[in-house]
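Each chain, written out:
Number of protein chains: 2
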Amino acid sequence: MNYGQWVHSELNSACQAAGFRFTPDREIERRLSGVREAMEKQEMEALLVVQKMDLYYFSGTTQDGLLFVPLAGEPILMIRRELERARLESPLKGAVAMGSLRELPSILKDRYGRLPRCVGMELDVLPVKDYFRYAQLLGGARIMDSFPLIRDLRKIKSPFEVDLMRRAGWIGKKVYEEGRRILREGMTEIEFGGLLEVVAKTYGHEGLLRVRSLNYEAYTWHVLSGSAAGIVSQSDSPMGGLGLSPAFPVGASLRSMGPNEPIMVDFGTCYHGYQADETRMFSIGKMEKRFVDAYLACREIHDAVLEDVRPGADCEALFLKSVEIAEKLGYKDNYLGPTGLQTRFVAHGIGLELNEPPFLAKGHSYPLEQGMTFAVEPKMVFPGEGGVGLENTVLVTADGYEVLTPAAQEIHEV
Amino acid sequence: MNYGQWVHSELNSACQAAGFRFTPDREIERRLSGVREAMEKQEMEALLVVQKMDLYYFSGTTQDGLLFVPLAGEPILMIRRELERARLESPLKGAVAMGSLRELPSILKDRYGRLPRCVGMELDVLPVKDYFRYAQLLGGARIMDSFPLIRDLRKIKSPFEVDLMRRAGWIGKKVYEEGRRILREGMTEIEFGGLLEVVAKTYGHEGLLRVRSLNYEAYTWHVLSGSAAGIVSQSDSPMGGLGLSPAFPVGASLRSMGPNEPIMVDFGTCYHGYQADETRMFSIGKMEKRFVDAYLACREIHDAVLEDVRPGADCEALFLKSVEIAEKLGYKDNYLGPTGLQTRFVAHGIGLELNEPPFLAKGHSYPLEQGMTFAVEPKMVFPGEGGVGLENTVLVTADGYEVLTPAAQEIHEV
Numbered sequence: 001m002n003y004g005q006w007v008h009s010e011l012n013s014a015c016q017a018a019g020f021r022f023t024p025d026r027e028i029e030r031r032l033s034g035v036r037e038a039m040e041k042q043e044m045e046a047l048l049v050v051q052k053m054d055l056y057y058f059s060g061t062t063q064d065g066l067l068f069v070p071l072a073g074e075p076i077l078m079i080r081r082e083l084e085r086a087r088l089e090s091p092l093k094g095a096v097a098m099g100s101l102r103e104l105p106s107i108l109k110d111r112y113g114r115l116p117r118c119v120g121m122e123l124d125v126l127p128v129k130d131y132f133r134y135a136q137l138l139g140g141a142r143i144m145d146s147f148p149l150i151r152d153l154r155k156i157k158s159p160f161e162v163d164l165m166r167r168a169g170w171i172g173k174k175v176y177e178e179g180r181r182i183l184r185e186g187m188t189e190i191e192f193g194g195l196l197e198v199v200a201k202t203y204g205h206e207g208l209l210r211v212r213s214l215n216y217e218a219y220t221w222h223v224l225s226g227s228a229a230g231i232v233s234q235s236d237s238p239m240g241g242l243g244l245s246p247a248f249p250v251g252a253s254l255r256s257m258g259p260n261e262p263i264m265v266d267f268g269t270c271y272h273g274y275q276a277d278e279t280r281m282f283s284i285g286k287m288e289k290r291f292v293d294a295y296l297a298c299r300e301i302h303d304a305v306l307e308d309v310r311p312g313a314d315c316e317a318l319f320l321k322s323v324e325i326a327e328k329l330g331y332k333d334n335y336l337g338p339t340g341l342q343t344r345f346v347a348h349g350i351g352l353e354l355n356e357p358p359f360l361a362k363g364h365s366y367p368l369e370q371g372m373t374f375a376v377e378p379k380m381v382f383p384g385e386g387g388v389g390l391e392n393t394v395l396v397t398a399d400g401y402e403v404l405t406p407a408a409q410e411i412h413e414v
Numbered sequence: 001m002n003y004g005q006w007v008h009s010e011l012n013s014a015c016q017a018a019g020f021r022f023t024p025d026r027e028i029e030r031r032l033s034g035v036r037e038a039m040e041k042q043e044m045e046a047l048l049v050v051q052k053m054d055l056y057y058f059s060g061t062t063q064d065g066l067l068f069v070p071l072a073g074e075p076i077l078m079i080r081r082e083l084e085r086a087r088l089e090s091p092l093k094g095a096v097a098m099g100s101l102r103e104l105p106s107i108l109k110d111r112y113g114r115l116p117r118c119v120g121m122e123l124d125v126l127p128v129k130d131y132f133r134y135a136q137l138l139g140g141a142r143i144m145d146s147f148p149l150i151r152d153l154r155k156i157k158s159p160f161e162v163d164l165m166r167r168a169g170w171i172g173k174k175v176y177e178e179g180r181r182i183l184r185e186g187m188t189e190i191e192f193g194g195l196l197e198v199v200a201k202t203y204g205h206e207g208l209l210r211v212r213s214l215n216y217e218a219y220t221w222h223v224l225s226g227s228a229a230g231i232v233s234q235s236d237s238p239m240g241g242l243g244l245s246p247a248f249p250v251g252a253s254l255r256s257m258g259p260n261e262p263i264m265v266d267f268g269t270c271y272h273g274y275q276a277d278e279t280r281m282f283s284i285g286k287m288e289k290r291f292v293d294a295y296l297a298c299r300e301i302h303d304a305v306l307e308d309v310r311p312g313a314d315c316e317a318l319f320l321k322s323v324e325i326a327e328k329l330g331y332k333d334n335y336l337g338p339t340g341l342q343t344r345f346v347a348h349g350i351g352l353e354l355n356e357p358p359f360l361a362k363g364h365s366y367p368l369e370q371g372m373t374f375a376v377e378p379k380m381v382f383p384g385e386g387g388v389g390l391e392n393t394v395l396v397t398a399d400g401y402e403v404l405t406p407a408a409q410e411i412h413e414v
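Line by line, the protein sequences give chains A and B.
Taking the numbering used here, the leading residue of the first sequence gets 1, the next gets one more, and so forth.
Taking the numbering used here, the leading residue of the second sequence gets 1, the next gets one more, and so forth.
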């Protein structure tokens, strides 16, 4: 059978059977009209989208390609490898094949009559070498940074997006429930983490988490037990764990988990690109009291932060409130990391990427808005001894918040 | 306990107990002297290493930081988050803390008396926004692309590096052996893939594979069964699979595997950053004869390519030989992808990243050299029906090759 024929007759059925949800037309329209409004204010004549999650956001597909969005007129999706599949996934009309990047100028000239004079591209991630190539292909057009516009748009989630995040949160609930059945004494952190990942994947979790950064690799889980949860590493988080080698010195390790020690499971799930992030505690037998107390302090901080979450609340103030409570409860030297290595945020925005606005953090004085989503994660580190924490992903609603990660918050004692 | 005290007393023991292998001093010296030789030829006064795998290659650590290598004098490792751990992992002396990137000029001036006039940075991956920031911090120094030098050096593997790749290949053997016990009718591709990953991780596989690219995400496995193995996707590979959603339309899916269909498992393993890539076939009951025949053709092509592998062999000629045999065997329309979507390589270099030289590919006419490592993967695609293939990672030796992936090549019928 010819590949094109097969795609037309069968691929759509295969996607439907597997429960794929394509981004609706109205959703793409809303996003494009939002970014155009911002482009107009900045006198940005066109947008050339190169990064995969931005491409997904504006087109509905992540096939290898580029999206060009003029201020007026139809956008054009240019696909390098699998055009038919991109056409199936994206509600945008008029997608074209682009054999090589060399074809970019002629595709644009054919469609719009000329090359743009001023183009927005994602300069926060676009490599220098590619930038010079694009500048040449675009005939010396001025290239501006489009990411501030895209970031501002993406930080407010639509009901369609929240629904996908809610599903990711539901997968997390399954993970923690099954975790109670999976965990046993002597199991290594990495085996436990791997088996939790199998649970998540059978419900559609995509395995990867995404961080917008050159070097920051996001994997699904931190399973950190006993002293390993007191280790700091490359990641900008209170604790990093031992990891597996100097090449991957973060997250779960080959350490065997013993009785009564705190086992922290920070497990992110990803459904149709949308992520939920949460942390829960496990222990084999009763967890030592000082760690239980520290966990209860995390819950108290978590609840106190959420109590103030609503549109208009100041992000830095929420962070400072959390620090104040931690100190009052006697955890000054443990809150958000060991002394000297403490992180400066208690929550990070989340959606298609794990490092989106808002940040409930030092220096981030701006108001929460309805439709923002973030993961709030008060944690305590005891070097050489252990770590505990709680994390939930929440949505800012019209008058408060909704928790998108419904797993039980009690310590899972097995 | 104070964190610094704890690191000194305990972290090293924890790393040793977990089997961490730190990069030896002589290995780092050899790499630094190699890159300095190349820098001198290009009149590059210094190297500022920003990308994580390059940092690991030249320093032995992947802690969040930068490495500055002057043409003469001691390199300086600047660490943003966990200095003590970087000192433990890297044989380089004199690592310093860098609270913020703003400190870069003063650190360099303190150490070397002045800022460099011409610096090499990895412009193939460095984001534009960061580039302008570095250019400013370096006082207008000329910034050249250092990646061609680094790539040329990294393409020849040392015995230390090959040993880590051999271990990765050995983990792959365990994965395929256990796979025979795990696979059963009705299991989904994603569950099978997830369980294989658990096996690999319990032997130290790091979960992530690495590709040097803005958008190319490498995950561990393609488990593609029946018609799903005939689907092309974003990845530059003969088949991509259905995947899990439009946001991750590649690799294993929620499709249940049935009897007699070909099940292709392309599973990469990563040990201490070094990767091995291999593909084997499974089936539940007897695999349909036409797919068995196609697999035997893949083996014939694979063996014919390897027959010519030795220092001096031309990479493009090896690719063309593979195409010629595929056509002679009657697989013109299936070899390396469906007609119109065929990939143009039969092998890719492999090491710390999956897209290193050499490429046995169209347009890549250069000789193999002793110490190169690559993954050779002849594959056949039958749209709407299935796909088969074989892949091994090999080392070019003084007079031939060594296969680093020892898993049995017979079809695993369960």
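To be clear, the hints were calculated from the coordinates, so they are not data collected in a lab.
Check before you lean on any hint, since a few could be wrong.
Since the list can't tell identical chains apart, any single copy or any two copies may satisfy a pair.
Stated by the list, open to error - Here are the simulated lysine to any residue pairs, SDA-like style, with alpha carbons at most 25 Å apart:
{"#": "1", "residue 1": "Lys332", "residue 2": "Gly113"}
{"#": "2", "residue 1": "Lys362", "residue 2": "Gly73"}
{"#": "3", "residue 1": "Lys93", "residue 2": "Lys332"}
{"#": "4", "residue 1": "Lys173", "residue 2": "Glu307"}
{"#": "5", "residue 1": "Lys286", "residue 2": "Pro259"}
{"#": "6", "residue 1": "Lys129", "residue 2": "Leu329"}
{"#": "7", "residue 1": "Lys129", "residue 2": "Lys155"}
{"#": "8", "residue 1": "Lys362", "residue 2": "Arg102"}
{"#": "9", "residue 1": "Lys41", "residue 2": "Glu10"}
{"#": "10", "residue 1": "Lys129", "residue 2": "Leu115"}
Here the structure is a predicted model, which means the values were calculated and not measured.
Going down the list of hints, with the structure as the test:
1. Proximity of Lys332 and Gly113 under a CA criterion of 25 Å is satisfied in neither setting, with 63 Å inside one chain copy and 40 Å between copies.
2. In this assembly of identical chains, the alpha carbons of Lys362 and Gly73 never lie at most 25 Å apart, being 42 Å within a copy and 39 Å across copies at closest.
3. When the C-alpha separation of Lys93 and Lys332 is checked against a cutoff of 25 Å, the pair qualifies neither within a copy, at 56 Å, nor between copies, at 33 Å.
4. Only within a single protomer do Lys173 and Glu307 lie at most 25 Å apart by alpha-carbon distance; the minimum there is 23 Å, versus 53 Å between protomers.
5. With identical chains, the CA atoms of Lys286 and Pro259 are at most 25 Å apart within one copy only, with a shortest distance of 8 Å there and 46 Å across copies.
6. For the identical chains of this complex, Lys129 and Leu329 are neighbours neither inside a copy (51 Å) nor across copies (42 Å), given an alpha-carbon limit of 25 Å.
7. Taking the shortest Cα distances, Lys129 and Lys155 sit within 25 Å of each other only across copies (21 Å), while inside one copy they are farther apart (29 Å).
8. Taking identical chains as interchangeable, the C-alpha atoms of Lys362 and Arg102 lie at most 25 Å apart only when they sit on different chains, with a minimum of 18 Å there against 45 Å within one chain.
9. Within a single copy, Lys41 and Glu10 get their C-alpha atoms no closer than 44 Å, and across copies no closer than 56 Å, so neither meets the 25 Å cut-off.
10. For the identical chains of this complex, Lys129 and Leu115 are neighbours both inside a copy (21 Å) and across copies (24 Å), given an alpha-carbon limit of 25 Å.
Checked against the numbered hints given earlier, the structure breaks hints 1, 2, 3, 6, 9 and satisfies all the rest.
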